[in-house]
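Listed in order, the protein sequences are those of chains A and B.
Just so we're aligned, residue 1 is where the first sequence starts under this note's numbering, counting upward by one.
Just so we're aligned, residue 1 is where the second sequence starts under this note's numbering, counting upward by one.
Check before you lean on any hint, since a few could be wrong.
[What the hints assert, rightly or not] If you anchor each label on the Cβ, the simulated ranges turn out as follows:
1) B:Ser5 to A:Glu11: 26 to 36 angstroms
2) B:Glu73 to A:Ala294: 55 to 65 angstroms
3) A:Glu11 to B:Arg50: 36 to 46 angstroms
4) A:Ala294 to B:Ser43: 23 to 33 angstroms
5) B:Lys92 to A:Glu83: 51 to 61 angstroms
6) A:Pro124 to B:Lys92: 33 to 43 angstroms
None of these hints come from the bench; they were simulated from the model.
Just so you know, even glycine gets a beta-carbon here, dropped at the ideal spot from N, CA and C.
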Amino acid sequence: MSSITDLIRKEIENLSTDATRTNVGTISTLADGVARVEGLSKVMYNEMVEFPNNVLGIALNLEEDSVGCVILGETSALKEGDEVRTTGKLLSVPVGKGLLGRVVDAVGRPIDEKGPIDSDISFPVERIAPGIIPRKSVTQPLQTGIMAVDSMIPIGRGQRELIIGDRSTGKTTIAIDTIINQAKINKKGEETGDPDFRPVYCVYVAIGQKNSNVARTIKVLEETGAMDYVIIVSAPAADNPANQYLAPYAGCAMGEWFMENGMDALIVYDDLSKHAVAYRQISLILKRPSGREAYPGDVFYLHSRLLERSARLNEDNGNGSLTALPIIETQMGDVSGYIPTNVISITDGQIFLETDLFNKGIRPAVSVGLSVSRVGSAAQIKAYKKVAGKVKLELAQFRELAAFSQFESDLDAATKARLDRGARIVEIFKQTAFNPVPVEVQTAVMWAIQNDFFDSIEVSKIAEAVDSLKEYLYTQGKEACDEIHTSGKLEDGTVEKLRSALENWKRTQS
Amino acid sequence: MSKDSKALKIAKGLLLLSLNEEGKADQKRVEEVILELKKEAVSKSLPILRDYFALMKRTINSYQGVLETSTDENKTLTKIFSDKLSEAKGSKIDLIQEKNEPLIAGFKLRVGDDVYEDSLSSRISRLKKSLT
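Using the sequences and the hints given, assemble the complete structure.
Structural data, given as structure tokens:
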């Protein structure tokens, strides 16, 4: 009882007794989640405004006679003539570790029925990206656990790598696999108690997706035990466009908190095509001039200011990082669309997923020719760099020569060998969803490819052999894998242990 | 030029015609403006009238405020507020006092887009907000 009265007394003591001054306006028109407000002469750009019934909005268009505000809540209770007040605050969201394991909306309110968010810090959703001086180059790998990606298109902490492809080509799966892999690495690292271990926390931003898809993603993350390291920001298709527009910025603010506090974070924007569409809708309702494909003129800035906030900070600034995996959906494989080209030019590389490969059963359907990581092998551990160096070239040559494979009898021996190896690499890179492979096992498998351990195995049986090899490496080959994991190098002793383990495995195959 | 901006431009011109030398709305001039507008077709005059109304409201609010108190009219209090406000704004502000019992105690003052409030009801609602 006394604690309740104490709480109220404390609140009364903290209450300011000064007269308040607010700037007000009245709603003159209201349509499609956007209100035109007369008055509000002192409102700031991007300032939060308060409508009746605790509904919030943001002032986005400051015009001579009125203010265009997007409404971030239920609009059914609002009507023409209602009073709107300025709050003097820019839109902010809660940040911090208290958000891990939670599902929140675009303004950081919990939507998972797990009670209030345990956080007393908030960051504004719109922030200036780190400048040149506090940054440093990307050198530390961020393992996705996907062999095709980690070997050919390595991603580093602080990098922005676009995942692009048509619908149903496995874009979200790559992002979710990466998140699951971070959780696995985090758990393993925390178990060892290594003080230098740097966990990667993840933020998954779902924009304009079906609620059922978001629920499925949450279920996968919960089942794999990854949810403890993940924050989900959801602005589903049923949400108003203002929330869909804000969700990536809100998620980014949550990720930035980790970066600015010396930690590493990964953020997935799923997807920015829908984000651009939501922004186009808002802009058209606000009567902003439209340009190509009816997008407003600042649609490039919309994504560049978001993705520039991902960075690797130097030691003087805490050494934190925020890695971004934006997703873009293309139409009929056309990467030359307006939004895809914009985002390709902003990011540090892209993973292009092809429908044809996906339909052929090559999953992940990574197109070797169109995918690139501008950070390259700088984001690979030494051991992996040593074994994966030639794979991309070999696979690209294979894809080029594959067209000639029908004339097999007329081909020279070297071409035949290239086709043969390529077909085996394709099979080795096939990987089931939500099943990331640790980097040391990937290194061992890649070493096996380079040292011809798969050459005597029929192509149709490669997938089976790879599974058996992985299983073998997790058990009998553990010693060699552990050495790779700890040192990050392929030293002579390790190579010998690996060779002996693989020879033993090979014997079990015959 | 779109229909909307054309109507607004005309409304702004009509507003200038409706103001006296002190920049305040003159009732006689306003009546004349309305009379002239009535001669036009409704489809043409209505958007102009709407914009004219909004502009006029904003102009009047800039020199005429409303003081809401929970008590009955108190001319001395109104004059004190009016003088202080005129001094702060640098131009004469007329105040109209209105009774607003839900304030419980204190006052609420509206001038233009600004609302100054120091009432018991606002303090209670702030306390309510901080406790929820």
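Outcome of the hint check:
1. B:Ser5 to A:Glu11: 26 to 36 angstroms: violated, 50 angstroms
2. B:Glu73 to A:Ala294: 55 to 65 angstroms: holds, 56 angstroms
3. A:Glu11 to B:Arg50: 36 to 46 angstroms: holds, 45 angstroms
4. A:Ala294 to B:Ser43: 23 to 33 angstroms: holds, 30 angstroms
5. B:Lys92 to A:Glu83: 51 to 61 angstroms: violated, 26 angstroms
6. A:Pro124 to B:Lys92: 33 to 43 angstroms: Given range 33 to 43 angstroms: holds, Cβ gap about 40 angstroms.
Hint compliance for this structure: hints 1, 5 are broken, all remaining hints hold.
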